[in-house]
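*Asks:* Residue strings, one per chain:
2 protein chains.
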Amino acid sequence: MTDVVRVGLLGCGNVGAALVRLLDSNADLITQRSGVRLDVTRVAVHNVAKERDVVLAPGVLTNDADAVVSDPAVDVVVEVIGGVEPARRLILTALKSGKSVVTANKELLANFGEELFDAAETAGVDLLFEASVAGGIPLMRPLRESLAGERITRVMGIVNGTTNYVLTQMTEAGSSFSEAVAEAQDLGYAERDPTADVEGLDAASKAAIIASIAFGARIVAGDVYREGITKISADDIAAAKELGYVVKLLAVAEEHDGAVGARVHPAMVPIDHPLASVRGSYNAVFIEGEAVGQLMMLGRGAGGGPTASAVLGDLIDAAKNVRAGARGATIGDLVRKPIRPIDETASQFYVSLDVADQPGVLATIAGVFGNHEVSIQSMQQKGQGEGARLIFVTHLAREAALTATIHEVRELDVVVRIGSVLRVVGGEE
Amino acid sequence: MTDVVRVGLLGCGNVGAALVRLLDSNADLITQRSGVRLDVTRVAVHNVAKERDVVLAPGVLTNDADAVVSDPAVDVVVEVIGGVEPARRLILTALKSGKSVVTANKELLANFGEELFDAAETAGVDLLFEASVAGGIPLMRPLRESLAGERITRVMGIVNGTTNYVLTQMTEAGSSFSEAVAEAQDLGYAERDPTADVEGLDAASKAAIIASIAFGARIVAGDVYREGITKISADDIAAAKELGYVVKLLAVAEEHDGAVGARVHPAMVPIDHPLASVRGSYNAVFIEGEAVGQLMMLGRGAGGGPTASAVLGDLIDAAKNVRAGARGATIGDLVRKPIRPIDETASQFYVSLDVADQPGVLATIAGVFGNHEVSIQSMQQKGQGEGARLIFVTHLAREAALTATIHEVRELDVVVRIGSVLRVVGGEE
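Chains as they are written, first to last, in the working numbering: chain R, 1 to 429; chain X, 430 to 858.
Hints are supplied without guarantee of correctness; some may be wrong.
Ranges between beta-carbon positions, derived for each pair [unchecked claim]:
#1 R:24 with X:547: 46 to 54 Å
#2 X:514 with R:341: 31 to 39 Å
#3 X:496 with R:82: 50 to 58 Å
#4 X:810 with R:290: 15 to 23 Å
#5 X:767 with R:235: 38 to 46 Å
#6 X:484 with R:86: 53 to 61 Å
#7 R:178 with X:454: 32 to 40 Å
Read the hints as simulated data drawn from the structure, not as lab findings.
Cβ coordinates follow ideal geometry from the N, Cα and C atoms, glycine included.
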């Protein structure tokens, strides 16, 4: 006999509706593989009267989400509302009622993850969140289970499809930043207000979750150093190409001497690095571990289908555990580890400076770099006279030293303008 | 109190020794993450006296593998001997003794997987095998768990690092096939006898395992259609580049109308396909699913560290289940599904023909293609006179139709020689 597991769904938008359709179309497949039948018992939505492209039994839809999370006829709760409240309150209630929870909510996990994990631990139920980072790409499960014995040193992800689309268009179609954002909006990749994407807020939430899971540390969104892509110019993209790089917005999590760093910023990625070939709205996560070496997972980071697929994988896992009276992999105790300030990290840097085209300029500027012990790997002059620009790539340098260098260079009479300062992937410790 | 789980290790070569070192160096990390302590209780090797780069407690080494698999003081058995016997007998004994087993043995699983899975099912213990395909890349767990609700349509993998290294050297350094194989041997990527790699036997075992897990079907190595890379010439590589392709050895598993196809052959991969950028000895697996879309996992497919990392992930999972008295994800019943013969698959094809350079040749040859309903997407002539060559890329065509076409073309007076016939990725059904 196949066991029925009753699912309470919170939210029935893009992802929720895709999940309901998948549960319907793949019902036999799921039962064959897992031995359970998943029955969508309750679906809480804001407006029950709204037209939806899903078929639900009569009485399943409700606008009372609180009733769903405390309903004894619900075994597992799936939360795809997004945002902090009421999702946080609902998930906590569900966990306290002994129900396992599957969520796709990055914002909530990146800010209140510890509270939720603790509540799941206390209740002895599963809290699964594969879909919260990089959509359909299996990432959380591989990090937590496949790499359970691996000492991970760094994770670098392209975890925001909108900005990757924008940067790809700037690189391949020569679009300006604002043109590319407008195209992304037309295609539905970007919101009308693209701030959360282009300023790196979305990626920072994901960086916090990745750092928490990869290093077993309590990292929240506020711990993540963040720069967006709004200052990336067509000139930067062109200079990157000429130097053999592609500009990508990266979410980086790394552990160094017991301290965890998490940061989001645009970076120049060498053209032969696996992350460089991740185009358009695709996401990818590059993992470095001491034994396993380098891994990369690539796929769709957003969209109803891919996100619902990840939610469903978690849901089947939770359902099997409900039936077996067992718990799945727990994330273990998240430990308080020191946060490594951005000033202490080291990178190679790309620095472009608009300068006065006169003898001795390079010597003056190079002297400032040298005084701060930032050594220069390459220099190129672009243009002449009024439009003269110097492009430097440094060797590995501390952020603090680079910042001090830029501060002093800015004051030089021969420097007209600081163009861009971008980190370069490849030379990190 | 931390629970101790006692590990019996069969084999202590490259992978086994790397595992022992990882268990030692990461012991605290493993305990922190999983709550168990893994203790290597017995290690069975062929020659106890041999010098090994591992530290083992006195009395742990033995040359009696049978004693290890039936030792009541062993909870989990790890098999890294490789080959069918005695690995098969030892694993069956371990399973029947109620011990969970972790194995990296592709050959065994690809030929006797069903027997082993049935034995594990009967005994109610885990049989885990992440390391058997694509080394350190998390693949089996994502397929079985993350994608548990996903209808997978096709998996295409670069699962043999040796042949990928050889093809990369031919593409990037202009090496001949035999030069590239010699380089691979010098680097330790290829065996003195490279047959298992270059003839696709290794990849075929992995294709059988992938097809079994992705489609829940009973597929053995003998079901896999197989062509190696020994006939790939520098001319093919050059023609591929000119047409916008890279030649890769692919293991392909697909399900179509309930029938499962599994095949290994060289193929032309479009330069902008994620698999095209997988260079050197790296492996990668590209997965297509109805909801999730396209995914790719990339990493090291061989080597002590990456393989041991994958074995360790499985071992920690099995150990946690031993302590919890639970079982991990089972693969479910493997169903007998019809095998789709290669003749019924359809691809685009690249065909190169050495021809007599005289009027009407193209019309004659194109007529034969047309008679078999193989339509031509593009044609290029290379060289003239004695060295004249025609290069065709077809639209999607059935293998049977293409085979019949080639058979008839071969008989034409104007055709001097059939150069190469290669499948092209991108136009499949």
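*Asks:* All hints are to be evaluated individually against the structure, with a verdict given for each.
*Replies:* Hints, one by one, checked against the model:
Our hint of 46 to 54 Å for residue 24 of chain R and residue 547 of chain X is violated, since their Cβ atoms are close to 32 Å apart. Here the CB-CB span from residue 514 of chain X to residue 341 of chain R is close to 58 Å, at odds with the stated 31 to 39 Å. Between residue 496 of chain X and residue 82 of chain R, the C-beta spacing of about 57 Å keeps the proposed range 50 to 58 Å intact. At about 54 Å, the CB distance of residue 810 of chain X to residue 290 of chain R disagrees with the hint of 15 to 23 Å.
As the Cβ distance of residue 767 of chain X to residue 235 of chain R is approximately 59 Å, the hint placing it in 38 to 46 Å is violated. Taken as a hint, the range 53 to 61 Å holds for the pair residue 484 of chain X and residue 86 of chain R, whose Cβ atoms sit roughly 55 Å apart. As the Cβ distance of residue 178 of chain R to residue 454 of chain X is approximately 51 Å, the hint placing it in 32 to 40 Å is violated.
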